[in-house]
Structures are given as structure tokens and as C-alpha cells.
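Here is how the chains run, residue by residue.
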Amino acid sequence: MKAVLHIIEYDFRNFFRYKWWLAGLISMNLADLLIMAVVYNKIVNPDLFLGQLKSYFNFFAPGVTVLGLFASAFMIGREVNMEVRREIHHYMLSLPITRLELAVGRLLAGGLRGMMYMTPLLLITFLFLGFPSPSQLLIILGALMLLATGISGLSIAAAVSITSFEKFVTARGLIYYVLFFCSSIFYPSSLIRTLGQDGLIPQPIVVLAELNPLSSGADLIRSFLIGTPIFTLEMIRNLAIFSMIFSTTSTLAYVKIIERK
Amino acid sequence: MRKLFFVIERDLRMFVQYKFLIIMRAIWFVSQVAFFGLIASRMVVPQLADIYFEYYVAGVVVMMLYSASVFIGYDIFEEAEHGVFEYLLSLPVSRKELVLGRSIGGGIRSFILVGPLIAITLFIIGLANPVNFLIAFFSLFLFAFGVSGMSITIAVGLKSADRFDILMGVLNAFIIRLSTTMYPQVFVQEANLAYAKVSEFNPVTFASDLFRWGVGIERYFTMTPMPLAAIIGLVIFFAIFTFVGITIYERRLEGGGWR
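Quick note, the sequences are listed as chains A and B, same order. According to my numbering, the first sequence is numbered sequentially starting from 1. According to my numbering, the second sequence is numbered sequentially starting from 1.
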């Protein structure tokens with residue numbers, strides 16, 4: 001356990017080295033929230049939400065929180081990919097730490113870094129939309145931790161499977177855009193379903209948007225803060241499955257890749 | 001003049017190396033159009049619903065043009081890091097030719113990247129008036145050269161790749177969102193007067209409005225008379241950043257000032 005904590009500490013120290021990058025990321029998230037969402041308030045048809053929502057801003061604020069969580073938790077993959085390419089993992093292997101502890105430490109560090117980055121965005125969301133009850137807050141934080149760990153696992157799995165930096169960056173872009181835009185971050189799930197029924201969006205995209213962990217994360221926050229969509233256990237289930245699959249895959253892949261000669 | 005072409009040619013050849021960047025940008029374009037554009041056009045108020053998809057697609061092209069033109073600044077840092085600057089300075093090319101060539105090369109290569117996307121956009125939107133389109137198309141060159149000049153100015157002014165990266169990220173976040181790439185000016189004004197003021201004098205707004213005018217989306221213009229007002233805005237933007245860029249870059253080049 002102590003070894004895992006050391007790895008987490010190591011990754012947190014690395015995280016703060018990217019302060020410029022983090023400042024850029026937070027300014028982009030804030031620009032999305034404070035400019036784009038404010039203007040979209042005037043553009044989005046109020047009938048779309050059937051009076052359940054006061055504004056698009058209220059709908060989007062939980063979405064931007066999840067966006068920030070995703071981008072920051074995914075950063076661990078970039079570092080792991082760089083370490084694999086430069087063979088820094090040889091140094092890691094020389095440490096008195098088991099392979100499993102190393103892999104678990106990296107995974108948890110990625111997730112916790114995402115949670116830390118996301119906290120101010122979540123607080124801003126609470127400030128505008130109201131604070132949840134303590135039990136709801138615990139559920140939100142637990143669910144977001146599952147999401148962050150899953151994202152961290154996904155990025156580590158991608159980082160160790162693709163050794164070329166350019167290919168990794170391209171794959172990362174593909175994952176980002178597919179998960180961002182095929183989710184309920186920017187638009188309600190109900191609208192995606194309706195467009196699917198009308199034949200405007202292919203059914204696989206509708207299914208992907210529903211199973212997308214980012215949709216579950218954003219909708220879970222919305223369900224407690226704005227009351228729509230209704231909270232269901234499916235949201236937690238989706239996040240738990242996503243987290244379990246990618247935590248396991250990334251741990252196994254990471255252990256395997258650092259032992260490869 | 002011939003030397004200027006050599007500098008431009010070099011930048012164009014270098015751009016081919018960035019095939020992964022091109023793939024990534026293409027994925028971004030498809031996601032923006034096929035997902036966000038399509039779904040958002042079903043979310044908007046009735047008075048905008050009939051044209052929002054086309055309006056947004058045209059805006060995405062200008063966003064692409066902006067981000068591709070900015071890329072020349074990253075090249076400058078790469079060259080400084082790898083000692084290529086010394087090589088460039090040893091060439092029988094004047095400083096002015098070098099800087100002007102880089103600015104034009106940066107602009108042209110962004111057009112090479114955006115060209116196929118403009119073709120897709122024309123396929124989606126259609127082409128109402130070819131003459132208007134050609135006027136808009138050539139005016140957008142000024143925009144691309146101006147953005148490249150701006151990127152070069154900031155790159156040589158900052159001297160730190162990290163700071164450049166963050167500043168361009170922040171600038172990108174604000175300059176795009178405080179423009180009419182994603183929404184018409186009338187709605188920006190309704191949302192916030194301060195945002196509207198920035199948007200009104202934003203070169204990205206000039207480029208977006210001009211491109212929409214060129215492809216025949218003639219509602220919700222920010223300025224009048226179109227296209228003259230937008231072209232004047234772009235000429236001023238181009239002149240300022242090309243002139244300032246050349247002056248600063250030229251000064252920094254001497255005596256290892258870029259280090």
C-alpha cells in the first residue's frame with residue numbers, strides 16, 4: 001500500500017510540472033462554460049427541455065465538469081507513453097515495488113489527478129446550480145472517481161498499446177472526439193434518442209451515446225442538481241463496468257509492457 | 001522574389017511531415033459536423049433552425065483555418081530547439097524574405113489542409129454565387145496569412161514553448177468562442193454586451209461572415225456593407241500582423257535573440 005502511495009505521489013509531482021498545460025485546459029473549460037454556454041442559452045429552443053431546465057447553461061455545467069475530468073485523467077497516458085518510448089520504465093522496474101503495485105499506483109494516480117483537476121469545475125457547477133445533499137455528494141464523488149479511474153485505465157491501455165507518439169496522439173484525438181460528441185455532454189440523451197428514431201442518427205451512435213461513461217457521469221450530476229434525467233442505478237452500473245474493464249485491461253497491459261525486453 | 005518562393009516551398013514540404021496532425025484535424029472536422037453540428041441544429045430556436053447546420057459547418061471551416069495557420073509558431077520553436085535557425089540564417093535569403101515567406105507559407109499550407117474540407121462544405125451547403133465564393137476564398141488567404149503572422153509574432157516574442165502553447169490554447173479558446181463561428185452576432189449581443197463588443201471586432205468574425213457570404217448564407221451578418229466591411233477588417237488584421245511579425249522576427253533573429 002505504501003508503495004502505491006509513493007507512485008501516486010510521483011505522478012502528482014509530475015502533474016504539477018504541467019502547470020501551463022493545466023492553466024490552458026482550465027481556461028478552455030471556463031471559456032466553454034462562461035462564453036459558449038451563456039450564448040447558447042439564447043440559441044437553444046426552451047421547448048426542447050419541456051420547461052424542466054432554466055437554461056442551457058444549467059444543462060451544460062455538469063457536462064463541462066465531466067469534460068475537464070476526462071481531459072485531465074487522460075493525461076497519465078501521455079506520460080506513460082513517453083516513459084515507454086524513452087524506456088524510463090527500466091528505472092521504475094529497478095525500484096523495490098512490485099509490478100502490480102506500480103500498475104495500480106499509475107492507474108489510481110491518473111484517476112485522482114482527474115478528480116483534483118475537476119474539483120473547482122464541480123464547485124462552480126454547485127455554485128450556479130445549487131449544492132446536493134451530503135448523500136448525493138458522496139454518490140457524485142464516488143461515481144466520478146469510478147469514471148476517472150476508468151479514463152485513466154483507458155489512456156494507459158492506449159499508451160502502452162501504441163508506442164509511436166504520433167499514433168498515440170491521433171488515437172487520443174479519435175477517442176476524445178468520439179466520446180465527447182457521442183455523449184450527452186452537449187445535448188440531452190432524449191434528443192439523441194429522438195434523432196435516432198427519426199433516422200437522422202444511426203442506431204449504433206445512439207447506443208454508443210447511451211453506454212458512453214461520459215453520458216452517465218454528466219447525467220448523474222444533472223439528476224441530483226437539476227432533476228433531469230431521473231437518477232437510475234444504470235448510470236452507476238455503466239460507470240462501474242467501464243471502470244472495471246479498463247482498470248483490469250490497463251493493469252495487465254502495463255505489467256506486460258514494462259516487462260517486455 | 002525567387003528566394004521568397006524557396007522559403008514558402010520549404011514550409012510546404014515540412015507540412016507534409018505532419019500527416020498525423022492532418023488526420024487528427026480531419027477527425028475533429030467530421031465529429032464537429034456529423035455530431036455536434038447535426039444535433040445542435042435540432043436544438044436551436046425556430047428562427048435559426050432552418051440554417052443552423054449550414055451556418056455551423058461554415059464556422060467550423062474557419063475554426064480549422066485558424067488553428068492550422070497558428071501551427072507555424074510551433075515549427076519556429078521546433079527549429080529553435082534543434083538549431084535549424086542557424087542554418088536558415090546562413091542561407092542567402094534576406095531576413096525580410098525569410099519572415100514574409102514563412103508567413104505566406106504558413107497561410108498556404110493551412111489552405112492545403114482546409115481545401116478538402118471547403119470542398120466538403122460546398123457539397124453540404126451548395127454554391128449560390130461562384131464570384132462571391134472566389135472573393136471570399138481569396139480574402140480568407142489574408143486571414144490565414146494574418147493568423148500565421150500573429151503566431152510568428154507571439155512565438156518569437158515569448159521564447160518559451162510552454163508559454164506559447166498555453167497562450168495559443170487560451171487565445172484559441174477565447175478568440176473562437178468570442179466570434180461568430182458558432183453563433184450569429186445578434187445572439188451574442190443578447191447574451192452579453194461585452195462579448196458582443198469583442199466579437200464585433202474579432203478577425204475570426206470577419207472571416208466567418210465573409211465565408212458565409214461567399215457560400216450564400218446571407219442571414220445574420222455582423223457588419224455592413226458586406227463583403228466590404230469584412231474585407232477591410234481582414235486587410236487591417238493582415239497588415240498589422242505581417243508588419244509587426246516581420247519587424248519583431250527580424251530583430252529577434254539577429255545575435256541569437258530567439259534563444
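Simulated from the structure, these hints should not be mistaken for lab results. Built from N, CA and C at the ideal position, the CB exists for glycine as well. There could be a bad hint or two in this list.
Claimed, not checked - Label pairs and their calculated CB-CB ranges:
1) A/P46 - B/L193: 44 to 52 angstroms
2) A/D47 - B/R13: 47 to 55 angstroms
3) A/K54 - B/E78: 42 to 50 angstroms
Stated by the list, open to error - Part of the chain A face toward chain B, derived, beta carbon under 8 angstroms:
4) A31
5) L48
6) M92
7) L95
8) T170
9) Q197
Status of each hint after checking the structure:
With their beta carbons about 22 angstroms apart, A/P46 and B/L193 fall outside the hinted range of 44 to 52 angstroms. Under the hint 47 to 55 angstroms, the C-beta atoms of A/D47 and B/R13, about 54 angstroms apart, fit the expected range. The hinted window of 42 to 50 angstroms between A/K54 and B/E78 holds, with their beta carbons roughly 48 angstroms apart. For the restraint placing A/A31 at the interface with chain B, the shortest Cβ-Cβ distance is roughly 4 angstroms, inside the 8 angstroms limit, so the hint holds.
Interface restraint check: A/L48 against chain B, minimum CB-CB distance 6 angstroms, threshold 8 angstroms, status holds. Hint status for A/M92 relative to chain B: violated, with the closest Cβ pair at about 25 angstroms, above 8 angstroms. At its closest, the beta carbon of A/L95 sits 29 angstroms from a beta carbon of chain B; the interface hint therefore is violated under the 8 angstroms criterion. The interface hint given for A/T170 is met, as the beta carbon of that residue sits about 5 angstroms from the closest beta carbon of chain B, less than 8 angstroms.
With 8 angstroms as the threshold, the beta carbon of A/Q197 stays out of range of chain B, its nearest partner Cβ sitting at about 12 angstroms, so the hint is violated.
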